[in-house]
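Peer 1: So the protein lines, in turn, are chains P and D. Going letter by letter, the first sequence gives residues 0 to 246 in numbering that gives the first Met the number 0. Going letter by letter, the second sequence gives residues 0 to 256 in numbering that gives the first Met the number 0.
No wet-lab data here; the hints were simulated from the structure. Don't take each hint at face value.
Partner residues are not named here, just some residues of chain P that face chain D (Cβ under 8 Å, in silico) [unchecked claim]:
1. Q111
2. A115
3. R117
Treat the numbers as computed from the prediction; the structure is a model and nothing was measured. Beta carbons are placed, not taken as given, at the ideal position from N, Cα and C, and that holds for glycine.
Given next are the chains, with one letter for each unit.
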Amino acid sequence: MFRNIGEMVLMWWQTTLALALVWRQRQKIFDQLFEIGNASLLMVCILSLFIGGVLALQTGPVLADRGLTGVIGPVVGVSMCKEFAPVMMAVLIAGRIGSAMAAEIGSMRVYQEIDALRTMNINPIHYLVLPRLVAISIALPLLVLFSILIGWLGGAAVSATNPRVGVPFRAFFQTLGDTVVVGDVFNGLFKSLVFAVVIGVVSCHQGLTTIGGPRGIGRSVTKAVVNSIVLILILDYFLTRLLLYFE
Amino acid sequence: MNTQPKNNLGVSVQVRGLRKFFDGQEVLKGLNFDVQPGEIFVIMGPSGSGKTILLKHIIGLETPDAGEILIGGEPITAPGVMNKYRLAMVFQSSALLNSLTVGENVGLYLTEHRLKPPDEIARIVAEKLELVGLKGTENKMPSELSGGMKKRVAIARALVIEPQLILYDEPTSELDPLSAVTIADEIVRLRDRIGATSLVVTHDRDLAFGVADRLAVLHEGVILCIGKPDEVKRNPNPIIQRFLNADFKPANNKFVP
Numbered sequence: 000m001f002r003n004i005g006e007m008v009l010m011w012w013q014t015t016l017a018l019a020l021v022w023r024q025r026q027k028i029f030d031q032l033f034e035i036g037n038a039s040l041l042m043v044c045i046l047s048l049f050i051g052g053v054l055a056l057q058t059g060p061v062l063a064d065r066g067l068t069g070v071i072g073p074v075v076g077v078s079m080c081k082e083f084a085p086v087m088m089a090v091l092i093a094g095r096i097g098s099a100m101a102a103e104i105g106s107m108r109v110y111q112e113i114d115a116l117r118t119m120n121i122n123p124i125h126y127l128v129l130p131r132l133v134a135i136s137i138a139l140p141l142l143v144l145f146s147i148l149i150g151w152l153g154g155a156a157v158s159a160t161n162p163r164v165g166v167p168f169r170a171f172f173q174t175l176g177d178t179v180v181v182g183d184v185f186n187g188l189f190k191s192l193v194f195a196v197v198i199g200v201v202s203c204h205q206g207l208t209t210i211g212g213p214r215g216i217g218r219s220v221t222k223a224v225v226n227s228i229v230l231i232l233i234l235d236y237f238l239t240r241l242l243l244y245f246e
Numbered sequence: 000m001n002t003q004p005k006n007n008l009g010v011s012v013q014v015r016g017l018r019k020f021f022d023g024q025e026v027l028k029g030l031n032f033d034v035q036p037g038e039i040f041v042i043m044g045p046s047g048s049g050k051t052i053l054l055k056h057i058i059g060l061e062t063p064d065a066g067e068i069l070i071g072g073e074p075i076t077a078p079g080v081m082n083k084y085r086l087a088m089v090f091q092s093s094a095l096l097n098s099l100t101v102g103e104n105v106g107l108y109l110t111e112h113r114l115k116p117p118d119e120i121a122r123i124v125a126e127k128l129e130l131v132g133l134k135g136t137e138n139k140m141p142s143e144l145s146g147g148m149k150k151r152v153a154i155a156r157a158l159v160i161e162p163q164l165i166l167y168d169e170p171t172s173e174l175d176p177l178s179a180v181t182i183a184d185e186i187v188r189l190r191d192r193i194g195a196t197s198l199v200v201t202h203d204r205d206l207a208f209g210v211a212d213r214l215a216v217l218h219e220g221v222i223l224c225i226g227k228p229d230e231v232k233r234n235p236n237p238i239i240q241r242f243l244n245a246d247f248k249p250a251n252n253k254f255v256p
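Whenever a hint applies, use it, and build me the whole structure from the sequences.
Peer 2: See the structure below:
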């Protein structure tokens, strides 16, 4: 385990040192961005709509019974920004994109394509890891921004239509706007950036260390997703503690 | 066999006491041999004798547990040596990047190292593909090619590097006899044309005796003999003779009912 952590930290550091090559690798980064966005945007919208909706559905009646209807908007707003959007989207992207990264790089490793790159003096970190890590670090915060907005819409729609909540659309956003500040959104975006790096590094590392044939690729994909999600949930706690100091 | 290349591009290879262990099992047991510049040196042996691992050591994909490898007289572990000489390897599986077209695969070295402008790269790619008899296949994907065509694309990709040492890992495996002959011709023609040292690993006896200037027979991580093809054929070692004369005899086939 410690060896894997060390290798992942080293890979992240080598990728960071190679950031100067971003412009040279821009076409691959655009391709990856398209891949991530295209594969995830619709799913992000649908999930976020329902996450916002269920948040309003769970908290709305309880708060409304106590005459706290003005708190429903802020509760949904802050929860989406700081917790639900970054964590749920990171879990979704770990499943959809992290698995794809591990499978693609893993099959390249198994079928000696990475060895072929090395024999041509092409560094796999520069050629494979850098574009994926940069793309996911751009894409995940953008998807989280989408998720926050759609989640708010979902919460507002449920609040307005559910008779046990009964907060009009406009009142929902007015109370939300009074409480949620730009810093709350940035809080979520910062978390999502860290989660993106975790997903990218874990998935690429699993891909590059794949051994065996198709079964090995399957094992790497499973490990990439499971390890990413475990790390996301553990890091979420520590990031929340850290970010509380800045509020 | 023409042993005199047209120029002096090739580099020498020396392997000294090379040993490698995997999970405590010794797979290369102190190998020693020299390959002269511009020579076609064939390492022949049954499957599992350590041939591919040996090639991977020479190109720097594996690290020896003991011994050393010298290219052009310099140890490959010395700083900058692997960048000083142009080495290329044709993998057994061809190892083409499946997400790239044939043209992108062949031009990958030049594109990634930004050695030529795109127009020039396109011209070189077309020239190398024509050289291996695959003119006009630039836009095909590797999945659209047959095994023999993939091997030839892999050779074209190696040629783009203008290698001083080219390593072939089982170049005729999984190929029909006609494609195997084409690849064998290609190996000899390339050596004669560019003068690169060629190191061929194979268990194909026809290929080995057809292209080799010198041969080594590797068995269970040990080199049993090194010599010219005729010398190896005459070697009395029973393991070598059994390997060279193995023949399919239907009468002895226990699977025949």
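Peer 1: Can you list which hints this structure breaks, lowest number first?
Peer 2: Checked against the structure, no hint fails, so every one of them is satisfied.
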